[in-house]
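Asks: Residue numbers (my numbering), protein chains in the order written: chain A, 35 to 349; chain B, 757 to 1000.
One should not assume that every hint holds.
[Claimed, not checked] Restricting the straight-line Cα-Cα distance to at most 25 Å, the calculated cross-link-like pairs of lysine to any residue (SDA-like) are:
{"id": "1", "chain 1": "B", "residue 1": "LYS911", "chain 2": "B", "residue 2": "TYR984"}
{"id": "2", "chain 1": "B", "residue 1": "LYS859", "chain 2": "A", "residue 2": "ALA154"}
{"id": "3", "chain 1": "B", "residue 1": "LYS926", "chain 2": "A", "residue 2": "ALA154"}
{"id": "4", "chain 1": "B", "residue 1": "LYS926", "chain 2": "A", "residue 2": "VAL150"}
[As the list claims (entries may be wrong)] Label pairs and their computed distance ranges (CB to CB):
{"id": "5", "chain 1": "A", "residue 1": "THR76", "chain 2": "B", "residue 2": "THR901", "range": "57 to 63 Å"}
{"id": "6", "chain 1": "B", "residue 1": "GLU980", "chain 2": "A", "residue 2": "GLN317", "range": "33 to 39 Å"}
{"id": "7", "chain 1": "B", "residue 1": "HIS946", "chain 2": "A", "residue 2": "TRP224", "range": "21 to 27 Å"}
If you are wondering where the hints come from, they were derived from the structure by calculation, not from laboratory data.
Every residue, glycine too, gets a C-beta built ideally from N, C-alpha and C.
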Amino acid sequence: MKKWLICMMMIIGSTSMIMTEAEAARLGGGRTSFGRQSQNVTRQAPMQQSSGMRQGQQSQQAAPTQSPTQAPAPVPQRQPSRWGGILGGALLGLGLGALLSHFGIGGAAAGMIGTVLMVALLAFAVMFIFRMMRRKNDDEPQRSAYAGGYGSTSTPEIGSGLAQQNQPAAFQAEQPAAGSQAEMNAAVPWGVPADFDVPAFLRSAKTYFIRLQAAWDKADINDIREFTTPEMFAELRLQIQERGAAPNVTDVVALDADLMGIEAIGDEHLASVKFSGQIKESQSGPTEPFVEVWNLSRPISGKTGWLLAGIQQIS
Amino acid sequence: MSRTTHFGFEKIAEDEKAEKVASVFDSVADKYDLMNDLMSGGLHRLWKAFTVAQAGIRPGFKVLDIAGGTGDLAGAFARQAGPSGQVWLTDINESMLRTGRDKLLNKGVVIPILLCDAEKLPFPDHYFDRVTVAFGLRNMTHKETALAEMQRVLKPGGKVLVLEFSKVWKPLQSLYDVYSFSVLPWMGKHVANDADSYRYLAESIRMHPDQPTLQRMMQEAGLECVRYFNLAAGVVALHTGIKL
């Protein structure tokens, strides 16, 4: 009985050790919310999940209003999708070429084969264009149709997790909890002034994100101090001390940012930026999707720049 | 106005070329990646991957990507050079750099990005371990000056890599002609809505020096051990040279 107890203790002990190791992750740990929190963000999350249940009627209406700020995003996101087919084709072509030269086919015969290959390449290119054009034409209706469980013509072979997250609404309706990101995309941002330069702000926000992750990995206290509020800095410094000297790796593989809204609290503006994408939290670990909201604050007087005031998880 | 240069098949005054090239790239910048995939059937990714492999970047390297446009090479280099390295993305065209900056940010890469003329590089001598130019040399007005500049900023022992369209293998020539003078402008017209830019592309490829000529130019610029690899039967060639 005693032995059994010790055994259990050891198992529990070792699992908890593994868990703490897994938690040594990106800046903020990726699992807890801390620092300044935006009420709007928490309010929006459940509301949107219910809208997902109702076959996303709301997001369907909201989609057009959202599209101006969203405009640059879809292009890079969809890009990975082209990889699969093209790379396959290209590899096949290369493989064929290597095979031919390996068997020593040269001169006139090679000319013939070259011609055939070139024609095949042309045909491939033409097919590709047609697919592209069709997709372009579909683009507009698709965006609103996502919500209605349409989605079947939109190239289902797409491999990237990023594209998946943003895509099928049919899938979303089945699992509303998992699909919260796409719904969030369709939300209307709150309190953003009309003359606010959203693309430039989001660009800087992404730079902050990447730079702070790098500073976090290196435990570069000074760099973290420069981009965080004093309260946030104190919290982060504590976390770094807890982490100890162990090296940390955070590799941002893909990053997308969305401005959820800006609100005035006291004498400060609080901007909530939703980051999503793919992140690698250890050298050899898997690339995992992530979504989290960073709350950036700036005094209304505008004396200083935006500082990271809090990290908020939406789930 | 006495000196002239090529702009595709046209002959124009030297000081007009940069402006004309700029207008071409301003108009293609946002569809650049899409068109590259279309026109090369995705092969450009392999060509670039080959260039990255040949570059052999190690952590801590200083790398300069000239005419880096939308940042395909620079992004790959940045990951290899790591936090201790330095990768600079430069281009003479602002629209292309904007596209590149946004694309790199979306991939989680933050590197210094600089708008500059490859013929007047704002870097000290002997600074970089690697200097690369992919599909950019063709558009430069004074290729010799640009190559000499690359040689200047390179550290002794450093390597220059020039990836550029080249002279295709003879048996494929006629087909390649049909492809580049009929299919390319057609694609340009229907996809990017800009036939002229893609006709310029095809013409400028034809006017670009072939493999041995470029090899000689690089040797004249002071690079040693200059050699080239033909890719896709010479549609594209990668020239490498070392500064000793």
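Asks: Take the hints in turn and mark each one as holding or not.
Replies: Evaluation of the provided hints:
1. B:LYS911 x B:TYR984: At roughly 21 Å apart (the allowed maximum being 25 Å), TYR984 (chain B) and LYS911 (chain B) satisfy the hint.
2. B:LYS859 x A:ALA154: Given pair LYS859 (chain B), ALA154 (chain A) is violated - Cα atoms ~32 Å apart, limit 25 Å.
3. B:LYS926 x A:ALA154: holds, 19 Å
4. B:LYS926 x A:VAL150: The given pair, whose Cα atoms are some 15 Å apart, holds under the 25 Å limit.
5. A:THR76 x B:THR901: 57 to 63 Å: holds, 60 Å
6. B:GLU980 x A:GLN317: 33 to 39 Å: Roughly 37 Å apart at Cβ, these two residues keep to the hinted range, so it holds.
7. B:HIS946 x A:TRP224: 21 to 27 Å: For TRP224 (chain A) against HIS946 (chain B), whose Cβ atoms are near 41 Å apart, the range 21 to 27 Å is violated.
Figure legend: structure checked against the earlier numbered hints; hints not met, in rising order: 2 and 7.
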